[in-house]
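Novice: All chains, please: the whole structure from these sequences, using the hints.
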Amino acid sequence: MDPIRKATEHDVSRIAEMIVVNYRINFFPFFQNEPFYFSELNVFDVAKNFHAETLRNTYVYDDGVIKGMILVNGDELVKLYVEPQFQSRGIGAALLAYAVNHLHITWLWALAYNKRGIAFYERNGFQLTGERIIEDEWVPLLKLSLANDMLHKNEHP
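In my numbering, each residue's number is its place in the sequence shown (first place is 1) plus 1.
A hint or two may mislead.
Unchecked claim - List time: in silico SDA-like cross-link candidates among lysine to any residue, alpha-carbon distance up to 20 Å: (1) Lys7 with Gln128; (2) Lys80 with Leu56; (3) Lys116 with Arg25; (4) Lys80 with Arg117; (5) Lys80 with Thr107; (6) Lys144 with Ile119; (7) Lys80 with Phe32; (8) Lys7 with Arg57; (9) Lys144 with Glu77; (10) Lys49 with Ile20; (11) Lys116 with Gln128; (12) Lys80 with Val13; (13) Lys144 with Asn115; (14) Lys80 with Glu132; (15) Lys80 with Met2; (16) Lys116 with Asn102; (17) Lys80 with Lys144; (18) Lys144 with Pro85; (19) Lys116 with Phe51; (20) Lys116 with Gly65; (21) Lys7 with Lys49; (22) Lys116 with Glu132; (23) Lys7 with Arg25; (24) Lys49 with Asn102; (25) Lys116 with Ala48; (26) Lys7 with Asn50; (27) Lys49 with Phe32; (28) Lys7 with Phe51; (29) Lys80 with Lys116; (30) Lys80 with Asp137; (31) Lys144 with His105; (32) Lys7 with Ile20; (33) Lys7 with Phe39; (34) Lys116 with Asn50; (35) Lys144 with Trp108; (36) Lys116 with Ile134; (37) Lys49 with Asp64.
Said to hold, decoys possible - Derived DEER-like restraints, expressed as beta-carbon distance ranges: (38) Asp76 with Ala53: 16 to 24 Å; (39) Val22 with Ala94: 16 to 24 Å; (40) Ala98 with Phe45: 29 to 37 Å.
Treat the hints as calculated values from the structure; they're not laboratory data.
The beta-carbon is built from N, C-alpha and C at its ideal position, and this holds for glycine as well.
Specialist: Okay, structure coming up:
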């Protein structure tokens, strides 16, 4: 049985927990904003703000325990997080392959400082486009798109 499924309301607290943990581990070292990462950012508020529309576009990796999640918007991958204790086990790659093959995502934004994340996407068929934006006036993001050979591969399952 495929461990990837559509998220439900019952998954929201676990999804919120993974988001908070990953934000603290992956983003705090760059931004060093203690009040945000250790006070404002909390599981309760993230879960509370997870609306029905967001949930409709969220999928989890659940093999008995929810270990990862993806959030998509059209053909954009908005979020992909794996619980740190379960990273480097193929869960992120499985979620990304699912997003490409079943949800038809073709691009995403990655934090420019997130070298590990960018390398992960590149290993899995994405490439930097050269496009860069600044979000919220100070957060540098880089665009990655599915490589052309991967696009054509996914058109013919």
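Novice: Taking the hints in turn, state whether each one holds.
Specialist: Going down the list of hints, with the structure as the test:
no.	hint	result
1	Lys7 with Gln128	violated, 27 Å
2	Lys80 with Leu56	holds, 12 Å
3	Lys116 with Arg25	holds, 16 Å
4	Lys80 with Arg117	holds, 15 Å
5	Lys80 with Thr107	holds, 13 Å
6	Lys144 with Ile119	holds, 10 Å
7	Lys80 with Phe32	holds, 19 Å
8	Lys7 with Arg57	holds, 8 Å
9	Lys144 with Glu77	holds, 10 Å
10	Lys49 with Ile20	holds, 13 Å
11	Lys116 with Gln128	holds, 13 Å
12	Lys80 with Val13	holds, 14 Å
13	Lys144 with Asn115	holds, 12 Å
14	Lys80 with Glu132	holds, 19 Å
15	Lys80 with Met2	violated, 24 Å
16	Lys116 with Asn102	violated, 25 Å
17	Lys80 with Lys144	holds, 13 Å
18	Lys144 with Pro85	violated, 24 Å
19	Lys116 with Phe51	violated, 28 Å
20	Lys116 with Gly65	violated, 31 Å
21	Lys7 with Lys49	holds, 19 Å
22	Lys116 with Glu132	holds, 16 Å
23	Lys7 with Arg25	violated, 25 Å
24	Lys49 with Asn102	violated, 30 Å
25	Lys116 with Ala48	violated, 28 Å
26	Lys7 with Asn50	holds, 18 Å
27	Lys49 with Phe32	violated, 24 Å
28	Lys7 with Phe51	holds, 14 Å
29	Lys80 with Lys116	holds, 16 Å
30	Lys80 with Asp137	holds, 17 Å
31	Lys144 with His105	holds, 17 Å
32	Lys7 with Ile20	holds, 17 Å
33	Lys7 with Phe39	violated, 29 Å
34	Lys116 with Asn50	violated, 28 Å
35	Lys144 with Trp108	holds, 7 Å
36	Lys116 with Ile134	holds, 16 Å
37	Lys49 with Asp64	violated, 25 Å
38	Asp76 with Ala53: 16 to 24 Å	holds, 21 Å
39	Val22 with Ala94: 16 to 24 Å	holds, 20 Å
40	Ala98 with Phe45: 29 to 37 Å	holds, 32 Å
Hints 1, 15, 16, 18, 19, 20, 23, 24, 25, 27, 33, 34, 37, counting from the list given before, are not met by this structure.
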